[in-house]
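Q: As you go down the protein sequences, you meet chains P and W in turn. With the numbering used here, letter number 100 in the first sequence gets 100, and the count goes up by one each step, no holes. So the number in the numbering used here is just where the residue sits in the second sequence, counting from 1, plus 212.
Hints may contain errors.
What the hints assert, rightly or not - Stretch-level coverage of chain P by chain W, calculated; a stretch enters the list once three of its residues show a Cβ under 8 Å from a Cβ in chain W:
no. : segment
1   : 11-23
2   : 125-132
3   : 146-154
Said to hold, decoys possible - Some chain P residues near chain W, calculated using beta-carbon distances under 8 Å:
no. : residue
4   : R140
5   : H142
6   : L143
These are computed hints drawn from the structure, not numbers from a lab. Remember, predicted model here, so these are calculated numbers, not experimental data. Backbone N, C-alpha and C fix where the C-beta goes; we use that ideal spot for every residue, glycine too.
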Amino acid sequence: MTEDLPRLKEPYSTRGQQREADMLGVYLFLASEIMLFGGLFAVIFIAHFLHPEEFVAASKKMHVAIGTANTMILLTSSALVAIAVKAARAGHARPVWRCLALSALLGVAFLGLKAYEYWSEYQDGLLPLPGARTDFTSPREHLFMNIYLIATSLHALHLTIGIVVLSLFAWLVRSRRVKLPAGATATETAATYWHLVDIIWIFLFPVLYLAR
Amino acid sequence: MTANPPSYLNAGHTIRSWLLTTDHKRIAVLYLVSVTFFFLVGGAAAGLVRADLLTPEGDLLTNEGYNRAFTLHGVIMVWFFLIPSIPNVFGNFLIPLMIGARDLAFPRLNLLSWYIYILGGLFTLIVLLVGGVDTGWTFYTPLSSMFSNGNVVLVAAAVFIVGFSSILTGLNFIVTIHRLRAPGMGWGRMPLFVWSHYATSIILVLATPVLSITLVLIAAERLFGLGIFDPSLGGDPLLFQHLFWFYSHPAVYIMVLPALGVISELVAAAARKPVFGYSFVAGSSIAIAIIGFFVWGHHMFVSGQSMYASAVFSFLSLAVAVPSGIKVYNWTATLYKGNILLDPPFLFAMSFIGLFVVGGLTGLALAMLSIDVHVHDTYFVVAHFHYIMVGGTISAYFGALHFWWPKMFGRMYPLTWGRITAATIFFGFNLTFFPQFILGFLGMPRRYHVYAPEFQTLHVLSSAGSTLLGLAYLLPFVYLGYSLVAGKRASANPWGATGLEWTVPSPPPKHNFVEIPTVTGRPYDYPVDKEDRR
Ligand code: HEM
Ligand SMILES: [Cu+2]
Chain P
1 MTEDLPRLKE
11 PYSTRGQQRE
21 ADMLGVYLFL
31 ASEIMLFGGL
41 FAVIFIAHFL
51 HPEEFVAASK
61 KMHVAIGTAN
71 TMILLTSSAL
81 VAIAVKAARA
91 GHARPVWRCL
101 ALSALLGVAF
111 LGLKAYEYWS
121 EYQDGLLPLP
131 GARTDFTSPR
141 EHLFMNIYLI
151 ATSLHALHLT
161 IGIVVLSLFA
171 WLVRSRRVKL
181 PAGATATETA
191 ATYWHLVDII
201 WIFLFPVLYL
211 AR
Chain W
213 MTANPPSYLN
223 AGHTIRSWLL
233 TTDHKRIAVL
243 YLVSVTFFFL
253 VGGAAAGLVR
263 ADLLTPEGDL
273 LTNEGYNRAF
283 TLHGVIMVWF
293 FLIPSIPNVF
303 GNFLIPLMIG
313 ARDLAFPRLN
323 LLSWYIYILG
333 GLFTLIVLLV
343 GGVDTGWTFY
353 TPLSSMFSNG
363 NVVLVAAAVF
373 IVGFSSILTG
383 LNFIVTIHRL
393 RAPGMGWGRM
403 PLFVWSHYAT
413 SIILVLATPV
423 LSITLVLIAA
433 ERLFGLGIFD
443 PSLGGDPLLF
453 QHLFWFYSHP
463 AVYIMVLPAL
473 GVISELVAAA
483 ARKPVFGYSF
493 VAGSSIAIAI
503 IGFFVWGHHM
513 FVSGQSMYAS
523 AVFSFLSLAV
533 AVPSGIKVYN
543 WTATLYKGNI
553 LLDPPFLFAM
563 SFIGLFVVGG
573 LTGLALAMLS
583 IDVHVHDTYF
593 VVAHFHYIMV
603 GGTISAYFGA
613 LHFWWPKMFG
623 RMYPLTWGRI
633 TAATIFFGFN
643 LTFFPQFILG
653 FLGMPRRYHV
663 YAPEFQTLHV
673 LSSAGSTLLG
683 LAYLLPFVYL
693 GYSLVAGKRA
703 SANPWGATGL
713 EWTVPSPPPK
723 HNFVEIPTVT
733 GRPYDYPVDK
743 EDRR
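Kindly produce the complete structure, drawing on both the sequences and the hints.
A: In structure tokens form, the structure reads like this:
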């Protein structure tokens, strides 16, 4: 059983202790990420509460179809990542790297769709970027689009990091630089980060797209 | 005793062995050097501010120069000294020793967090070189987002970066405290210093990201014109204040909770008695951490938030004083009939208690709506927070330095000089900041360097006090520096104190414990053998 766990490092006396510490560290890191987005959500809720009608009107201009498609994509990738973790614990390398790579690809697809969405918003005069032509009907709509752009681009940044991490892991497992099941904790760490990025989207989607 | 392994100090001599170390004790020393540096830079800016205030016309600095000097002072002192000082120097050094661990849970992350701190510091110094900022340490919008001609984005980046370092340190502490306690060290046997760092770390991990996102929003506003706070884009400047204080009120506890932990250790060691009401003192740290998240609105009584909100925030702010009061009460009870020795650490602790009480009581006064409306944004507020942060936190920092110095470097310093320093700091401090309470009450607004002539006497007193205070802060450089070369060797337990850190040699060996200890008794099991002393 002990060979299943990663190498014992400096301050620890048992591998179980080390594993628990690693996982606790990951959860705390995620908690701080949630607070990061928590600040943004607070802004969204307060702004929505102060200007309900304008916000609903602004939200109606979102491309719900793209948003929904992206939600489905992320949900699928999350499921794949969960399968990868199961397989990693069981020590089967091949399903692990395949699932991880596929998830990373889905992440890329998400970004592609997102880019397309930004582009069409740009065409509609909705994207408040510097130098872009915009025609907002009210300052509130402008505010809504500001929040939307900041929130989704911050999310996209996190997703990009996630894609890099998953691809790296897929490669490490495939090339046997990470041995399974010894590397299961590490796989779990990467997977948990991916889930977090998904969950943030699951909350962003309704408050931005479905607030109608 | 059997032959000891070499101490952490001489386990390697190259610069490389220091800059790439993962030993929490060496990282603590790296922090000691770097926070001392920033303390000096921030102190120099303060000196400039006080010198300018000597005359009502403020003829030393221009308006712009004055704004830049106090902003720099605030930014450096808050983010590069007060927040990191006690946790990163003493927390780093002591937490593993106190709980019987060989290191922090993530040694490399710990080193990384020092480098991040240095990176943030470099950004700040660059800002200093290219001309500074003038927004005040609070970066209030719309000044910061629209009008300020300074380098707001650079400073925001600096604070963002150093925040990341805080988060990593907090995370490291929490995991270490949860997972690496020695056998037998239950939660009820943990030193109070560790408890207070645990509470601090929770705030660091949960509140700092809110500051980060706020800074991101400001940067987005300045760089890309994406307005969240700008009314012309539909935004709301008040929102900034909410976000900022949601972090920054808890942040004041980031600064003061570690200090409270230090004082509990110093008081127990000085009285040579178990801490009175151990579990209340421990629990009050957690209570402060939790309530501290719900009081931010007391910084915004006059900002135009609703009356009801103000009333609720006022009430909650009064509530946060209760756990602080518990601590002061329990320290006093611990000292009662104690066998007290007037060593420097104890004098610093007494000075802490006195100044903290004044700061805390005036905090209560400020938390009452009626008083705050009168003295808001006057020198009264300046005096209040300096009593807590400078009088409190920095006294505790110096107390810690004088208490654990022999442990860290294995040398004793001349105690008389320590006593003189403690007394001078206390006196200089009161001379500097007490006049500011009066100034504030008389209506002297903060952040102005041109003032009515009738305020001059009080300002001169304050500047004189600050000169004395500055000199007193420099004294330890002399005798602590001297102790490193010529000080008497310190025994393992020079103060006759309890705690695992005193069971290992001074300075401790590289991996702290040859064998991980098993804890069998309660903490603060005084008295310890008398022969042990010094
Ligand atoms: C008993 C607990 C405390 C209460 C009830 C309290 C209350 C207050 C209030 C109401 C203000 C706002 C005054 C105004 O702007 O009009 C204030 C300001 C301030 N307090 Fe406290 N305080 C307490 C403890 C502390 C502690 C422990 C610290 C720091 C370690 C601290 C640091 C500050 C700072 C930095 C400011 C000024 C913020 C600024 O730049 O505007 N306070 N306090
Ligand atoms: Cu406050």
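Q: For every hint, state whether the structure bears it out.
A: Verification of the supplied hints:
Requiring three or more residues with a Cβ within less than 8 Å of a Cβ of chain W, the coverage given for the segment 11-23 of chain P holds, as 6 such residues are present. For the segment 125-132 of chain P, the proposed coverage by chain W is satisfied: 3 residues have a C-beta within less than 8 Å of a C-beta in that chain, meeting the threshold of three. Chain W is given as covering the segment 146-154 of chain P, and this holds because 5 residues of the stretch bring a CB closer than 8 Å to a CB of that chain, at least three being needed. Annotation: interface hint on R140 of chain P holds; nearest CB of chain W at approximately 5 Å, less than 8 Å.
Taking 8 Å as the C-beta contact cut-off toward chain W, the hint placing H142 of chain P at the interface holds, the least distance being around 5 Å. Interface restraint check for L143 of chain P: the shortest CB-CB distance to chain W comes to about 3 Å, inside 8 Å, so the restraint holds.
Consistency with the previously given hints is maintained throughout, with no hint failing.
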